[in-house]
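Trainee: Heads up, the sequence shown is in this note's numbering, so the first residue is 102 and it goes up one at a time.
Please keep in mind that the hints were generated in silico from the structure rather than gathered at the bench.
Being a predicted model, the structure only gives us computed values, none of them experimental.
Fair warning: there could be bad hints in the mix.
Cross-link-like lysine-lysine pairs, in silico, BS3-like; alpha carbons within 27 Å at most [what the hints assert, rightly or not]:
| no. | residue 1 | residue 2 |
| --- | --- | --- |
| 1 | Lys-307 | Lys-271 |
| 2 | Lys-234 | Lys-118 |
| 3 | Lys-118 | Lys-336 |
| 4 | Lys-184 | Lys-160 |
Derived DEER-like restraints, expressed as beta-carbon distance ranges [unchecked claim]:
| no. | residue 1 | residue 2 | range |
| --- | --- | --- | --- |
| 5 | Glu-251 | Lys-330 | 17 to 25 Å |
| 6 | Arg-321 | Ser-344 | 35 to 43 Å |
| 7 | Glu-313 | Ser-187 | 41 to 49 Å |
| 8 | Met-102 | Glu-209 | 44 to 52 Å |
By construction, the Cβ of each residue, glycine as well, lies at the ideal position given by its N, Cα and C atoms.
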Amino acid sequence: MDLELTNKNVVVMASSKGLGRATALEFAKAGANVFLTSRSEASLHETADELKQLSGNKKIYYQPCDMASGEDIENLFQGVNQKLGSVDILINNTGGPKAGGFEAVTDEDWFESFEKNLLSYIRTTRAVIPHMKDQQFGRIINISSSSTKEVIDHLILSNTFRSGMVGLTKSLARELAPHNILVNTVGPGRIETDRLIELDTITADKKGVSMEEVVDMNNRHIPLGRYGKPEEFAKIVVFLASSANTYLTGQSLVVDGGMLKAL
Numbered sequence: 102m103d104l105e106l107t108n109k110n111v112v113v114m115a116s117s118k119g120l121g122r123a124t125a126l127e128f129a130k131a132g133a134n135v136f137l138t139s140r141s142e143a144s145l146h147e148t149a150d151e152l153k154q155l156s157g158n159k160k161i162y163y164q165p166c167d168m169a170s171g172e173d174i175e176n177l178f179q180g181v182n183q184k185l186g187s188v189d190i191l192i193n194n195t196g197g198p199k200a201g202g203f204e205a206v207t208d209e210d211w212f213e214s215f216e217k218n219l220l221s222y223i224r225t226t227r228a229v230i231p232h233m234k235d236q237q238f239g240r241i242i243n244i245s246s247s248s249t250k251e252v253i254d255h256l257i258l259s260n261t262f263r264s265g266m267v268g269l270t271k272s273l274a275r276e277l278a279p280h281n282i283l284v285n286t287v288g289p290g291r292i293e294t295d296r297l298i299e300l301d302t303i304t305a306d307k308k309g310v311s312m313e314e315v316v317d318m319n320n321r322h323i324p325l326g327r328y329g330k331p332e333e334f335a336k337i338v339v340f341l342a343s344s345a346n347t348y349l350t351g352q353s354l355v356v357d358g359g360m361l362k363a364l
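My request is simple: use the sequences and hints to build the entire structure.
Mentor: Structure below.
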């Protein structure tokens with residue numbers, strides 16, 4: 102299947118590691134012009150070099166950006182416009198918010214998570230829509246969490262703002278459909294990333310068991326019997342963001358190996 106991604110301009114947020122990095126690599130392999138972002142310029146430089154070597158694609162650019170900063174996001178897209186000229190595909194992504202239940206988080210935590218995990222997606226989307234409308238083509242993927250389908254205990258901030266992301270996605274999909282701009286949300290289940298290690302470590306400490314026991318326990322709830330690989334998640338994102346997807350929009354999908362039972 103031809104994804105028609107050659108020379109498409111793609112911005113992948115929070116892409117120096119984890120799901121963002123894996124997604125950027127898949128786009129690079131498909132021949133897209135890829136723009137990376139994260140807070141660390143050193144990490145971006147290293148990731149860009151690695152992706153060029155792994156994909157054979159030299160059209161990989163980067164600029165540091167703190168997703169919680171409106172000024173940083175504005176500066177980022179000025180840099181994107183200088184390097185790429187426009188954005189065809191936007192992959193919204195950011196690190197997960199602070200873990201904890203309702204009584205463990207403060208007003209400051211709520212405001213910080215709102216700006217980082219929801220308002221940032223609004224700001225980046227606002228930056229790319231004008232060009233997408235002009236060319237009557239665009240793809241926006243909001244990376245979220247499986248908590249959009251089934252809340253995760255002790256992740257009150259993620260549960261709240263990821264759900265807000267679904268409402269944003271559905272509303273944008275309806276507003277932008279006449280311009281051939283498709284908007285979807287994709288949430289990871291238990292995918293092997295640093296974030297998952299962090300959460301499994303918290304669980305192991307609370308239960309007083311080893312990390313291996315936590316992983317074994319979780320695998321028993323996954324029909325495929327294992328954690329997912331970042332590249333498995335990334336391939337789904339790339340398909341939805343490509344020209345091969347012409348009709349699926351406004352959806353909230355979960356890549357979880359069949360783990361969730363709720364519809």
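Trainee: Against the structure shown, which of the earlier numbered hints fail to hold, in ascending order?
Mentor: 1, 2
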